[in-house]
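S.K.: Which chain is which? The protein sequence lines are A and B, in order. At position 191 of the first sequence the residue is numbered 191 (the working numbering), and the sequence of numbers has no breaks. At position 360 of the second sequence the residue is numbered 360 (the working numbering), and the sequence of numbers has no breaks.
For the record, the hints were derived by calculation from the structure and aren't laboratory data. All figures in this text were calculated on a predicted structure; none of them were measured in a lab. Cβ coordinates follow ideal geometry from the N, Cα and C atoms, glycine included. Worth double-checking, as some hints may not be accurate.
[Claimed, not checked] Just some of the chain A residues that point at chain B, by a computed CB distance under 8 Å:
#1 27
#2 31
#3 32
#4 199
#5 201
#6 202
[Said to hold, decoys possible] Below are the EDC-like pairs computed for lysine to aspartate or glutamate, each with C-alpha atoms no more than 20 Å apart in a straight line:
#7 B:230 with B:389
#8 B:20 with A:265
#9 A:286 with A:205
#10 B:188 with A:205
#11 A:332 with A:100
#12 A:344 with A:49
#13 A:35 with B:193
#14 A:210 with B:193
#15 A:210 with B:19
#16 B:281 with B:356
#17 B:20 with A:131
#18 A:332 with A:231
#19 B:305 with B:260
#20 A:241 with A:229
#21 A:241 with A:205
#22 B:56 with B:122
#23 A:286 with A:231
#24 B:305 with B:165
#25 A:210 with B:119
#26 A:341 with A:48
#27 B:275 with B:233
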Amino acid sequence: MSAGIVSYGGYVPRYRIAPKDIGAVWGVDGEAMGKGLNIRAKSVPGPDEDVITMSVEAARNALRKAPGIDPKDIGAIYVGSESHPYAVKPTATIVAEAIEAAPILTAADYEFACKAGTAAIQTTMGLTLSDMYRYGMAVGADTSQSAPGDALEYSASAGAAAFVIGKDPMIASINHTVSYTTDTPDFWRREGQAYPSHGGRFTGEPAYFKHVLSCANLLFKRAGTRPDDYDFAVFHQPNGKFPVRAGKQLGFNDKQMDTGLLVREIGNTYSGAIMVGLCAILDIAKAGQRIFAVGYGSGAGSDGFDITVTDGIDALDRKAGRTMRQMVEDVKFIDYAIYAKFRKKIRMREG
Amino acid sequence: MRGVSVIGVGETQFGELWDKSFRDLGIEAGLKAIQDAKIAAENVDALYVGNMSAGKFIDQEHVAALVADYAGLADQHLPTVRVEGGGACGAIAIHQAAMSIASGVYDIVVVGGAEKMTDVGDVEAMQILSSTTDQEWESVFGATFAGLHAMMARRHMFEHGTTREQLAAVAVKNHRHGAMNPSAQFQKEITADMVLQAPRVAEPLGLFDCAPLSDGAAALVLCAKEKARKFTDTPIDLVGTGHASDFIAVHDRRDLTTIDATVIAGKRALHAARKTPHDVKVAEVHDNFTISEIMAIEDLRFVPKGKGGFATEDGETALNARISVNTSGGLKARGYPVGATGVAQAVEIVRQLRGEAGKRQVSGAELGLTHTLGGTGGTAVVHLYARGD
């Protein structure tokens, strides 16, 4: 395969809430909850932020790093999310207009729980490899929902990442990609429901771990690699516990996983999760370094990527705009009352 | 009445068995027991199945015929019976099956116990479990299973000086035993600190004071004693049985720190076997909460009233100590698939008496006891088993 990442850009809102402050409202030891999840804070979208604005931020950050990319060469934009602001009317068209890629392009919104963004990477890879167009843009973004008081409320956060995929000039080649998909109902939200339901402990072993580990082992086999062939490893990160356990089980160490493990500081950004982790890695990766990435989406499936950073990374203006680390560290903590206001949980008027 | 012996035992792995259904579990345990007994399908006269709430857990009633069917026994047209009695249903099924043999109606009966609890979410599972308490006078007012046991624990602490550390000692011991049981849900040792620091479920009980939600099944083949030697060289005799009920709601009971049903069932079983509590060297008791084991060993008169916590803390109930309690890991570590429990306890005692318990073998075990509760103690069943003469 000779397609890969041409540029990338991430975005995380500045607002944070600590598990302690969430627990205080529900009579739960939030600090212990946070420790159990290995999450110190979660990002919260501002009152004017949604998946569209965050996708645009991420897309613009990607283009800022690569001024050589003519947005008109982006022939497809796919935005993966489970919190698209509209049920009918695409997010992708607004992103396309905002980055001036419209009108000669194809666009669509994707949904596959937390892995719709990586599915978009695979689609755009295929289409650029077949020369349907020069570049495709794959976005993963979420302002994830959680019912007040539910265990999810301690982790469900907001973030986005956009990847420009193409054949030339690549900053990282995607050597192999594999997927592992089954019908496993571990987490779902029906049309019209405000908050998702989940299967409690069923979301662990038979869902996350089965798919991530199966996909990872498939990827090792396909790529003919072992854990020590990689400089970095990043996994879908619904909390700070699952990806570390999965990574260790596969034979990766903390040093390989640390850079991409943003969940501890920003929570679970769902469709954005593995992609912002990948952005953080690409922010510091050197030519020749290798990255192992396996995402996960409930429902359920995993997409795996074996990535090698190319010499092209040196030509990318990685200092343009803020790095992921800068965004993760630029924080403004809010309390639950402000959180409730921002997340529109306070009913302002009838009707 | 004729004597009754156990000639075969079988059980599944216990735990969160996501890829196994209720019927898979029932069949696996049943077939293992039949193989162990070296009998053929034609030898089986009847099937008794202990099951608490398949109707709520998996939307399936009529489970006894279902298990017989899927075990390939439909063409035998066996009489099949499902027995319900809260957490004690497996133990009651053994009692009913044994009486059917003792009366001379049947010669060989398979007794199974099974529960599939993880197809529903945690909250729903708790609601289903609490349906074995008094719904109108307990659950409706918000009393949970753990909450009711927490009340018993608090009263026990108040009256007898039992400590949280002593409660923790039950969990630590049972996990240590479970670590030696390849079928156990938790085969990992824990420390007293882990128990004491765990999140509270209902003060003073924490997460590690409670038995888990589990999937699993167990089965026995019972046979008329006079015919048992035809099938095995090591028959284990059911030498005494006591089955008693009591007020189903905790607040109606005479004493919060004694389960009268256990006292009566224990006396009945020991009387039938002409034994005393001191003759019992190995016992599987109903430790759905740590406090339950402390009350059980007192109510069965292994230790004086009020001394259960102290005895546990002093190691008197550990493997090969004065009396080996819950060598399987108990409900706490082996797991608590409700309907399977009474039968799984019997499987453990039979293995101990046969000398087949491996690393957790109690040396010189001659007489073993099982104690199973329904609800918070509205039902208690005690069985005594001895090596066949």
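S.K.: All hints are to be evaluated individually against the structure, with a verdict given for each.
M.R.: So, going through the hints one by one against the coordinates:
Here the hint on residue 27 (chain A) is broken, as its CB sits about 12 Å from the closest CB of chain B, past 8 Å. Because the beta carbon of residue 31 (chain A) sits about 12 Å from the nearest beta carbon in chain B, more than 8 Å, this interface hint is broken. Evaluation of the residue 32 (chain A) hint against chain B yields a held restraint, the C-beta minimum of about 7 Å falling below 8 Å. The interface hint given for residue 199 (chain A) is met, as the beta carbon of that residue sits about 7 Å from the closest beta carbon of chain B, less than 8 Å.
The closest approach between the C-beta of residue 201 (chain A) and any C-beta of chain B is roughly 7 Å, which is under the 8 Å cut-off, so the hint is satisfied. Hint status for residue 202 (chain A) relative to chain B: holds, with the closest Cβ pair at about 7 Å, below 8 Å. Taking the CA atoms of residue 230 (chain B) and residue 389 (chain B), the gap is about 14 Å. The hint holds against a cut of 20 Å. Distance restraint check for residue 20 (chain B) and residue 265 (chain A): the Cα-Cα separation of roughly 38 Å exceeds the 20 Å cut-off, and the hinted pair is therefore not satisfied.
At roughly 35 Å between alpha-carbon atoms, residue 286 (chain A) and residue 205 (chain A) are farther apart than 20 Å, so this suggested pair is violated. For the suggested pair residue 188 (chain B) and residue 205 (chain A), the alpha carbons sit about 18 Å apart, so the restraint of at most 20 Å is met. For the hint pairing residue 332 (chain A) with residue 100 (chain A), the CA-to-CA distance comes to about 32 Å; that exceeds 20 Å, so the pair is violated. Using a Cα cut-off of 20 Å, the hinted pair residue 344 (chain A) and residue 49 (chain A) holds, with the two alpha carbons roughly 12 Å apart.
At most 20 Å may separate the alpha-carbon atoms for a hinted pair to count; residue 35 (chain A) and residue 193 (chain B) meet this at roughly 17 Å. Straight-line distance between C-alpha atoms of residue 210 (chain A) and residue 193 (chain B) comes to about 32 Å, which puts the hinted pair past the 20 Å bound. Using a Cα cut-off of 20 Å, the hinted pair residue 210 (chain A) and residue 19 (chain B) holds, with the two alpha carbons roughly 12 Å apart. For a cut-off of 20 Å, the pair hint linking residue 281 (chain B) to residue 356 (chain B) stands: about 16 Å separates their Cα positions.
The suggested pairing of residue 20 (chain B) with residue 131 (chain A) is violated, with an alpha-carbon distance near 47 Å, which exceeds 20 Å. Taking the CA atoms of residue 332 (chain A) and residue 231 (chain A), the gap is near 32 Å; set against the 20 Å cutoff, the hint is violated. Note on residue 305 (chain B) and residue 260 (chain B): the hinted pairing holds, with a Cα-Cα distance of about 12 Å set against a maximum of 20 Å. The suggested pairing of residue 241 (chain A) with residue 229 (chain A) is violated, with an alpha-carbon distance near 24 Å, which exceeds 20 Å.
Restraint check for residue 241 (chain A) and residue 205 (chain A): the C-alpha separation of about 13 Å stays at or below 20 Å, so the hint holds. At most 20 Å may separate the alpha-carbon atoms for a hinted pair to count; residue 56 (chain B) and residue 122 (chain B) meet this at roughly 13 Å. Taking the CA atoms of residue 286 (chain A) and residue 231 (chain A), the gap is near 10 Å; set against the 20 Å cutoff, the hint holds. Proximity of residue 305 (chain B) to residue 165 (chain B) is assessed by CA-CA distance (about 18 Å); at most 20 Å being required, the pair is judged to hold.
The straight-line distance between the Cα atoms of residue 210 (chain A) and residue 119 (chain B) is roughly 18 Å, inside the 20 Å bound, and the hint therefore holds. Our distance criterion of 20 Å between C-alpha atoms is met by residue 341 (chain A) and residue 48 (chain A), whose separation comes to about 11 Å. Between residue 275 (chain B) and residue 233 (chain B) the CA atoms are separated by roughly 24 Å; this puts the pair beyond 20 Å, and the hint is violated.
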